[in-house]
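If you read the sequences in order, they're chains A and B. Position one of the first sequence corresponds to residue 1 (the working numbering), numbered consecutively onward. Position one of the second sequence corresponds to residue 1001 (the working numbering), numbered consecutively onward.
One should not assume that every hint holds.
[Stated by the list, open to error] What follows is a set of in silico ranges between Cβ atoms, one per label pair, in the way DEER data are often shown:
#1 B:1073 x A:189: 26 to 36 Å
#2 B:1007 x A:414: 55 to 65 Å
#3 A:389 x B:1209: 35 to 45 Å
#4 B:1023 x A:156: 18 to 28 Å
#5 B:1023 x A:1: 49 to 59 Å
#6 A:172 x B:1540: 47 to 57 Å
[As the list claims (entries may be wrong)] Per the computed footprint, the stretches of chain B lying under chain A, defined by three or more beta-carbons under 8 Å from a beta-carbon of chain A, are:
#7 1011 to 1017
#8 1047 to 1060
#9 1199 to 1209
#10 1278 to 1287
#11 1336 to 1350
Quick caveat, the hints were computed from the structure, so don't treat them as lab data. Built from N, CA and C at the ideal position, the CB exists for glycine as well.
There are 2 protein chains.
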Amino acid sequence: MDHTAFPTWPDVAARLIAVAAGREPADCVIRGGVWVNVHSRECLPGHDIAIAEGRIACVVPDASYCTGPDTEIIEANGRYMIPGLCDGHMHIESGMLTPAEFARAVIPHGTTTMFTDPHEIANVLGLNGVRMMHDEALMQPINIFTQMPSCAPSAPGLETTGYEISPEDVAEAMQWPGIIGLGEMMNFPGVANADPKMLAEIAATQGAGKTVGGHYASPDLGPNFAAYVAGGPADDHEGTCEADAIMRVRQGMRSMMRLGSAWYDVESQITAITEKGMDPRNFILCTDDCHSGTLVNDGHMNRVVRHAIDCGCDPLIALQMATINTATHFGLERELGSLTPGRRADVILTSDLKTLPIELVIARGQIVAKDGECLVDCPHYVWPDSARGTVHLGHDLSETDFEIKAPDGANSARANVIGVVENQAPTKALQIDLPVRDGLVEGEGDTCQIALVERHRATGGVVNAFVSGFGYTGPMAMASTVAHDSHHMIVVGTDRTQMALAANRLAEVGGGITLYRDGEELALVELPIAGLMSDSPASEVAAKAEQMMEAMRACGCKLNNAYMQHSLLALVVIPELRISDLGLIDVREFKKIPLLEPQT
Amino acid sequence: MDHTAFPTWPDVAARLIAVAAGREPADCVIRGGVWVNVHSRECLPGHDIAIAEGRIACVVPDASYCTGPDTEIIEANGRYMIPGLCDGHMHIESGMLTPAEFARAVIPHGTTTMFTDPHEIANVLGLNGVRMMHDEALMQPINIFTQMPSCAPSAPGLETTGYEISPEDVAEAMQWPGIIGLGEMMNFPGVANADPKMLAEIAATQGAGKTVGGHYASPDLGPNFAAYVAGGPADDHEGTCEADAIMRVRQGMRSMMRLGSAWYDVESQITAITEKGMDPRNFILCTDDCHSGTLVNDGHMNRVVRHAIDCGCDPLIALQMATINTATHFGLERELGSLTPGRRADVILTSDLKTLPIELVIARGQIVAKDGECLVDCPHYVWPDSARGTVHLGHDLSETDFEIKAPDGANSARANVIGVVENQAPTKALQIDLPVRDGLVEGEGDTCQIALVERHRATGGVVNAFVSGFGYTGPMAMASTVAHDSHHMIVVGTDRTQMALAANRLAEVGGGITLYRDGEELALVELPIAGLMSDSPASEVAAKAEQMMEAMRACGCKLNNAYMQHSLLALVVIPELRISDLGLIDVREFKKIPLLEPQT
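Work out the full structure, taking the sequences as your base and the hints as a guide.
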């Protein structure tokens, strides 16, 4: 069942009134629970929730007066009735899952609303890709609102994306039914410099009465920050310390605190509430990025709420930060985020407000999960060939494509090498002397080759460089079409033959991640949709991703988050050294530098 | 200067950014104040506010970096900087002043934003009248948002208004720039019964993404209330006790607590916060109705905030209830209601957060009042003849128009008499035996005549009846074209000649209030615009209204709020007995009853 046509409150107001007045029976009544009221911040035992047309008709001490013979009765048995959880900002692509499969994975965790920025597919497929994500999102039995990506490319002039997003694209998207605002405005220097393109995107969003997402990833809270705030972003999830959270809220933004698979920014910021006593209404919880393994093994927004409570936050405040605060931020406080009349009937039953077991999940009045099991169909969009065939290499690659020629007659060469740093997103810009064999510069020790293979326009372009820190040994190569943010293909390897095998394999399967050793494929994660996502269940994708991690370890890599490190090596907005389709980029100075230093 | 074209945030974002970044000087800097932050609920000493284009560019510890030689400096000298105060729901007509003169009266009290429902003029002039109010509102130097009136007539079938409001009118108005939502949905039985017209008005408002104002004037918090809430109203200001406030907030409405000239509903409800500890974010302060005398002598929203603090409310919470809570409710939290970047620069300087002296008022970056004196022009709309000539009597009235014929041969008659009750809006339905002289029933003792004179369509209709409780003695009559809600003319008098004089006088001056005794006019309040408002200053109107009260006392009336009692006698939605152009209405049963009981 496609849920795109979910009726509005006015569509069904007459029915809701009739039920609340007792003139017509409800479709469903949840009986005898503790009403967790996020408006008043109270727990109110002994309440029933009457539901009709997927919305809440009334919440009353005894709904027997609006219960008929065909009314479905759900016994709360004294359990807490809490609103379905909202993820204030996230990227579905980070789970390497389609919206449908992501939804299927998070529904048992009680997530019933997500605000998702399909930034990755925007880089690959542009506005069309955003529309496909948006359309699949609207088909789901839970609420997935789309934030229109603002920054594709993320680093104009330093990379070539598959498509670019323009202010005209933003203005068009603002008319779509599922668009809730502008996705994180990452170009914070651009905003602080009043870049006309960025301001036009913000203006189109504000003009449509929608919410401008922020992303200010700098510890500088001086005039640069003030200028960014004056530009209009309404929230920010890039804060990492208490001062960040405090400053954002004082300046009239909402502070989004994230716990993702590799983000840990709740504990360090929540003290603004728990210790400094700030009004909590402007704080919101989110995940930003969750891998499928996290969804399968640890949870989603329930994990974030539990964590906030573990950090000393009052459970009711923690729940507000994952329900009504989020809804209010996006102008949806009369549509969802609380258990009150007219709102979508998104309800969780739980026995304990601190450990938060998600025992029953109801979305739009329908039971969608019970005891960890998803009980609802999450319909798949029919992804067109244009979305399924996005790895365009131009020609079959061979080992020669990965050769790095040494200067004539050189015995060694000093290379600018990307240095991976354990547990950090920033890299180091290293200079390492490497040997020359048969006229080619070769990796050595922990320094191996990296290639950025153009895949959007079939230019046949391959940019070769060196990377250090993975610890790979033996002839191997790993390739991925998840390569933030422009999502070309990154191939890292100790052996050019293996590199060619890996790259060609991804072209064959339409994208994903593969690892070859000695001519054998040790692991493969197929991501056929835009080279970013799978439409297989999260458990399968998580299992394959785990196999991939094992394969990386088998090849000598000991990094935590090794795959993430791989996929971020083309992210030319984070210092110090990155690779793009245009060459090696020094992100400290936002300029291209040569691979090999001139010989002295 | 007409302020209709105040630029939006995106219009001036580039300038705000340049100022915040220090690249361009601010227009104005408020220096060295305590930043009252309603987002975080904190007082932060030692801050400057930089203003450009009428909006806040930044709030920083030291704005000297964005101060130039032409920047106007306002020294806060350590005083509190608080956001301009917002009135969450009110009727400008209650002040008997035009929007311009109302604004001029309240600006020195620190009110910089009002949400006003021109319900009265809607009854007289329909959608056109609403548009005139809306247009004058937008011309003002402060923010006056219009709530589209929902219920004209208030009591369909029991009265004839000058014009009616239809769902189509509501849909049209939602497109106007200054319309913020639907005005109080008073027809609460209609909503609870799913009246299609009322639901269509609500749907048009919700469809436009705007706020539906509520008005549930009943102590019944059972299924009738639940049904009303399910219909969609988002707030209610009719609560009178703690249970009302609590119930509204729990059900996802905002509780508006009012202190008007004759409303005292803050003290009885604010204990929901101060004693029950409910999250205060969903409580809002408002005035609903203020007479010009209150504005001149006591204040406006500053009076309400002070009162809330006197009731034990934390001053910062009280201020939130008159600033950011209100702004958030109407979807304006990024436009006004706090002192943060991008918002309209509406700022009050005050030395004390409890007594709240309003020392300096800045609206949209301009000093508009200082030490109680308004320093800004409040432009007048050019009210057309259609708005200035609204008293259409059909013919000059004479004493015969007010004769009440007795049944043939009767010596006395038993009349249904409207009994005024001291300090209450409801009346009593009395039955009193009255004498007959020369074939006419005559008032006696404290029972005198009342007439409802049709004034919208010049039908010449006069409905005569009796009223008891004013205490008038001697030959006198008082007439008023303020006659809630259909605003025909109410004439109350002991003498038919005086009644005719008074009625004809109001036709002559275009509406207002007059009192005649022994052929002499003791007092006159001219209300030439729609018969409801004056475009003279509040002080003049207040002085004339005070003169009117003295004249009433001189004629023997000892009632508190005597004039209000007079003007509510046609309000056919409040029990028990009222008069309308259709006859005597028993509001307990919503039906017309005869003036004289049949002879036994």
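Verification of the supplied hints:
1. B:1073 x A:189: 26 to 36 Å: holds (31 Å)
2. B:1007 x A:414: 55 to 65 Å: The hinted range 55 to 65 Å holds for residue 1007 of chain B and residue 414 of chain A, with Cβ atoms some 56 Å apart.
3. A:389 x B:1209: 35 to 45 Å: holds (40 Å)
4. B:1023 x A:156: 18 to 28 Å: holds (22 Å)
5. B:1023 x A:1: 49 to 59 Å: Holds - the Cβ-Cβ distance for residue 1023 of chain B and residue 1 of chain A, about 55 Å, lies within 49 to 59 Å.
6. A:172 x B:1540: 47 to 57 Å: holds (55 Å)
7. 1011 to 1017: holds (count 4)
8. 1047 to 1060: holds (count 4)
9. 1199 to 1209: Since 6 is at least three, the answer is holds.
10. 1278 to 1287: That given contact holds, which follows from 4 residues of the segment 1278 to 1287 of chain B lying within Cβ reach (below 8 Å) of chain A.
11. 1336 to 1350: holds (count 5)
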